[in-house]
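Trainee: Chain by chain, the residues:
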Amino acid sequence: MDKEDLSFKVRQDTGVNVRECYQCGKCTAGCPVGERMDLRPSVIMRMLQSGDTASEEEILLSNSIWLCLTCETCYSRCPMELDIPKVFDYLREKSYAEGKVNSQSSDIVTFHKSFLNAVERNGRLHEMTLILDYKIHSGNLFQDITLAPEMYSKGKLHLLPEHIKDKKGFARLFKDQFKKRKS
Amino acid sequence: MKIGFYPGCSLTGSSREYNESLLAIAKEAGIELVEINDWNCCGATAAHNLNKELSLSLPARNLAIAESEEMDELVVPCAACFNRLVMTQHELSEKKDLKKVISEKLQMPFKNEIRILNVLQFLEKHIVPRLDQLVKSPLEIDVACYYGCLLVRPQNVMKSERFEDPMSMDTIMQKLGANPIDWPFKTECCGAGFSISKTEIVGELSGKIVRNATGRGAKAIVVACPMCHSNLDMRRPAIDSYLNMKMDIPVIYITQAIALAMGLTPRQAGIQRHFVPVNLTVNR
Amino acid sequence: MTEFEPKIIAFVCNWCTYAGADLTGTSRIKYAQNVKIIRFPCTGRIDFMLLLKSFGEGADGIIVSGCHPNDCHYTSGNFHARRRWIMFRGLLDMLGIDVRRIQYSWVSAAEGFKWADIVNSTVNTIRELGPYTEYEKVAGYLEKEANQ
Amino acid sequence: MSELIKKAAALLESKSVQVVIGYGKGTGNRTRTIFATQVTECENLIFDSRCVQNLAVYLTKLEIKKLGKPAIVAPVPVLRSILQLAVENQITESDLVILGITSESELIDFESFAAIETFLTTHKIEIEEKYTKTIDAIKAMPVAERFAYWVKELESCFKCYACRGACPLCYCTRCTVDDNQPQWISVASHPLGNLEWHIMRAMHLAGRCTDCEACYNACPMGIPIHLLTKSMLQDVADNFGSYGPSLDKQNTLSSFKPDDKESFIR
Amino acid sequence: MSKIGVFICHCGENISATVDVARVAEAAGQLEGVAFSTDYKYMCSDPGQTMIKQAIKENGLNGVVVGSCSPRMHEPTFRKACQEAGLNPFMCEMANLREHCSWVHDKSEATTQKAIDLVRTLVEKVKLNKPLFSIQVPVTKTALVIGGGIAGIQASLDIASAGHQVILVEKDPSIGGHMSQLSETFPTLDCSQCILTPRMVEVAQHPNIKLMTYAELEKLEGSIGNFKATIRKKAKSIDEDLCNGCGTCTTKCPTKKIPSEFNTGLGMRTAIYVPFPQAVPNKPVIDKENCSYYQKGKCKVCEKVCPTGAIRFDQEDELVELEVGAVVIATGFDIMQPSGFPEYGYGKYKDVITGLQFERLASASGPTLGEIRRPSDGKIPEKIVFVACAGSRDPAKGVPYCSKICCMYTAKHAMLYQHKVHHGKSYIFYMDIRAAGKNYEEFVRRAIVEDEVNYIRGRVSKVYEENGKLIVKGVDTLLSAKPVEIEADMVVLASAAVANPGAEALAQKMHVSYDSYNFFSEAHPKLKPVETNTAGIFLAGACQAPKDIPETVSQASGAASKVIILFSKDELSRDPLIAVVNRSPAPVFSTCVGCFMCASACPYQAIGEELITNRQGKVIKKVAKVNPGLCQGCGTCVAFCRSKSIDIQGYSNEQMCAEVIALLNHE
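Residue numbers (this note's numbering), protein chains in the order written: chain Y, 9 to 191; chain U, 2 to 285; chain B, 890 to 1037; chain X, 3 to 268; chain Z, 141 to 807.
Think of the hints as simulated: they come from the structure by calculation, not from any bench.
It should be emphasised that the depicted structure is a prediction, and the values quoted were computed from it without experimental measurement.
Misleading hints may appear alongside valid ones.
[Unchecked claim] Computed Cβ-Cβ distance ranges for the label pairs, DEER-style:
#	chain 1	residue 1	chain 2	residue 2	range
1	Y	GLU89	Z	LYS270	51 to 57 Å
2	Z	GLU172	X	LYS154	34 to 40 Å
3	Z	LYS666	X	GLN183	58 to 64 Å
4	Y	LYS176	U	MET168	57 to 63 Å
5	Z	PRO278	X	THR35	51 to 57 Å
[Claimed, not checked] Pulled a few chain B residues facing chain X out of the computed Cβ check, cut under 8 Å:
#	residue
6	PHE893
7	PRO958
8	HIS969
9	MET983
10	PHE1002
11	ILE1007
12	ASN1009
Ideal placement from N, C-alpha and C gives every residue a C-beta, glycine not left out.
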């Protein structure tokens, strides 16, 4: 494994040695979103094994890594006990940091960003803030337009957020970490 | 003994009824759940998808707070929060250098030793032993116990033995007088965090779950996770559109089932907050 | 100053650990050079006097290893050896001879990995404990006398 | 102890034995060992609290054996040694007559070794608290300090082997310390040789020692070597249950249980 | 004066790649007492051995150290070479420079230094070696064969046909083993029972074979040539001499609902039963666990209907002691129950079965008389999914190794299914097709091309039931890992072949080594595949590792030939590495004081008493004495002896002490 290889970095960060994968495909077979993926989990493992730069780029640009639900089914059944979700976490973080998020996944990533924005702001998630932030950033202004009032009527939405008290200490956790990207 | 309680964000909002019913049954059983002070969001899926350090530091702050309040146990009813907290505890106990980094960020004493209980573990330990006295009106219906992903996987970290076919919720439901069915979708994924961003995926995955449960004769689906609940209940229109038919099977929290069996009113159990109407007297 | 290289002597039985160490070799698993093996027919043969002799001759650490309980080629040599180790270990401890310097283990003919692990972890332990200067001082008396 | 004298005399008289091994009055307040071969010599036999020497040591000595069949005055510690010697095939019942003495200084007859064993079940070896406390204190020292303590204690040993000579269980024809092929232990007295000698002596007594303290009593330098054997007695009890000689039980070290504790073995 | 020769082997490059062999030889040459030292490419080769022999003769060497591979590999080779040069073979020792040095360390100064240390240690040892002479022991020419499957049957027949006595012990009521359960065999598709049953009958009728069924090894003592085996004959509750095998009892027995082991639970048997119609011996046994009389004290129907009065309810287990000269272990294998894979639904869904169960379904003698019908409702399945590697090559939940036979039998299963259900569809999920064997690859190709079995490269993640179908969620990794879902009527799991549950206990009884999977270990993976590390005990068949039938039969014949070689002489020589009690001139005679702690510790009861008498015949001393025929040379007694009066030849106190000193002291 070359130090420049993505597989080497994966191993350093997650402890997963992709060479152990013998391509049985059980991860893909059990993946709830396998059908929808452009690169399926076992294929991504194979591409990582190849050490081929173009393949590595393809992985980071893929839709698959964002479609993964982290349901852990693949890991729980993998005969080699490879922690694929952890590998995907690493790939996602890298793809996001390098601005390589697949356009089809932008709503997923927007949602995650809105989520963390909301958390950073209040310390806890205020669902109303999240939904509004997501709507603005995703442009899906009319999605679930009837849902919010119904939730509100069932007492499931609060208009005002709760704040945590130790704002300073909490802000430290976000420092130098997750950057808001105004995209 | 003080039992610490970490509600998590959902329980203060979209899954209020889970919180209400849990506190109601704890009160019935004479157990005090002490909400830990100034807790924060666990970071959920978003944090571990985008930033590893945040995915560890956010849960770690809560663990450190619980420790500082000298809690022996911390009950985390939300399966997603539970999973993040346990994963963090595991990761930081395996990797000492990482723990050092996080501890420095927290600037709090942090031993990483607290015992974290999910709702089923909490019920088994503290409520089930008292159920014999507390069950007033048994629920005599066929139910499908749905565990989802986060309570059972990864099995080595969650310490779940029967991760393909868990039974702990089934056993509790049996004790409430219900008949839990044997079905193969107990731990299939519902679509989790895609509720808003990829609603159509939730419709498909949750639809398969609802279809199998209904097909096997269940009259209600019992859950222990706010995400599963909102996907199966609130996202029913997406499910119906995927299945191309209207499904009316209700989805209740295990804590609501216990509350009802204890004879509490549906309102006390928060049943009125559901999107799919709940009628549990079907096969009486 | 060069790094301290512990001198470690290993007393192993022919049937299990010696064969296990052979397997380590056949499997090309690497381990530290510090440990050198002396072959015995059985752990039952390993006289505590030889362990004592080893410290007297300058060993920093000792490994004693044989067949797992019930697996002894000679039925019960390892069981007898185990009793002897228990008593010997207790006595050494009472005398302040550091029992951490003697690693006892069971390594079967199939445990090539375990052998490498035992060797490496023992080398690390002894490296941390440092040279056995206390014993050397006692043992060195003779040499000093001869030199004078 | 007129009864003892009478009994001993009768044994010699009837030629049931050829020698009576017992305690007699020594110079000053001390006692000495008496080997009475004549009826008249029995008059000198005494028994009181000063009689602590372990007479069993003579049972395996060639010079004494030459005198013929012995009768031996045997208070409890001697009885224990006799039993252990029996376990080790060094004496047989027909070889000797035992003039047993209870802790209440009363004479007691033993028909067989088995009878001794039965008697000893009510006279179990017990390590006095003052010793257990000392042992605990030594074991509580940091390991290097403990080693230094013993090296210092053993410094005064000049290998007179009085400990060996006094021990009823050191009956080897040739002691390993005298073996030079190979030279297990160097003969000269120096720190390493002393340490090795005492380790070897203690190990050879592992599971055999009956805690008579003869070695310590014999040591001209007062080295607390009995602490080593006492500590090992504790180890025997902790690891294998009981200690003390037993005819049907084999020696601690020549027997085993498949489930002996082994927490220290990897 | 020692004149030692040191011979350092390069072992091709195996040693010389990391050890500076020339330096080792040079350093050895400078040791005191070393008269000759050299290195050579292959010491074990003919020129290498010649070099040793010449050096011995030319330099008058009286000791040899060969620094090469493990003595466990070539000690006999080099000792023999020395002997041929006129040197006592026990004056030759080996320093293990390969397994314990060059293979486990990188090339460095320290590695070479370690090699020098090892050589010096053995040089010091060999200086103290003494010429020893082999011990001759008589050979009992009876073989014990444990296990009556095809391996045990073949080994027994071969040994018996060579004219030696064989005792064949089988734990079940009949011989036949797993092979008798199989339907057809790959790659020829001949019927398993048709080729096996004649052999079974031959065993029963062979004058040299004594068959003991429903019996197990209880204890094995002694050593090569002279073992003493204790066999437990479990009570069959039948007088075998009186029973004529009419079968009336088995038809009348009222307890009929016991899952048949032979039919892997797919059929039922009675409490008094013959496992299968072709059983040998064809006489029933009573299964006490399930018999009404034994369990409830009432019934005795079998006794009433037996025409010969052969039922014996009071029969007890019997222990039989046998003298044997060699043992063949042929205890076979077992199938891993796939219940460790809950995702496959075995145990939950009746129509998810193992490969062995499929064999019974496909067998003409099976519960469906050879028709492929699914267990749940007896319907003929229209679609079958076979899952290969359902336990094998799965370190997480199964075994890491390849079970070797599954690829072939799964191809066979699919083929048999296609032959019997022409319109049916079969799918095989596989990872690799391992068809290395005569006509094996051709067989698999036939299944794919002619019988249209659908091979899908990928594993199955989950099997579950929906609407009466088994939904199999798999993947086709050859189509960009496309998820595949098949609605099947039956699923067959090729579960892993594992060691028998009793293998570990049996190995411990016989003191043979076994691997981490509890398969018995061969003495050398290549050159001694049928020997164990315990002389006189040989291996046949799948008890050593998963094997197919041809391989099993060849190994059985191999083991048999080893036994026949052993039996070809009346006496055999044993290494004289045994304990000896010292002797010295009068009046000491021996330093032994006769405490006999050695005797109580000896695992072989090899230590007895010797009475030393004076001229008048009076006993003056009782000392220990080793019986050289019984002593196995473990040396436990040596470490016990306080006066160092007992010592072991070849590992003597002097030698071991010299080794310790030499190992720890370099310049």
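Trainee: Hint by hint, say whether it matches the structure.
Mentor: Verification of the hints:
1. Y/GLU89 with Z/LYS270: 51 to 57 Å: holds (55 Å)
2. Z/GLU172 with X/LYS154: 34 to 40 Å: holds (39 Å)
3. Z/LYS666 with X/GLN183: 58 to 64 Å: Violated - the Cβ-Cβ distance for Z/LYS666 and X/GLN183, about 42 Å, lies outside 58 to 64 Å.
4. Y/LYS176 with U/MET168: 57 to 63 Å: violated (46 Å)
5. Z/PRO278 with X/THR35: 51 to 57 Å: Since Z/PRO278 and X/THR35 have Cβ atoms about 56 Å apart, the given range 51 to 57 Å holds.
6. PHE893: The hint is violated - B/PHE893 has no Cβ within 8 Å of chain X, the shortest such distance being about 17 Å.
7. PRO958: holds (6 Å)
8. HIS969: With Cβ-Cβ at 6 Å, under 8 Å, it holds.
9. MET983: holds (4 Å)
10. PHE1002: violated (13 Å)
11. ILE1007: Given a least distance of 6 Å, the restraint on B/ILE1007 holds.
12. ASN1009: It is violated, given that the least Cβ distance between B/ASN1009 and chain X is near 12 Å, above 8 Å.
Hint compliance for this structure: hints 3, 4, 6, 10 and 12 are broken, all remaining hints hold.
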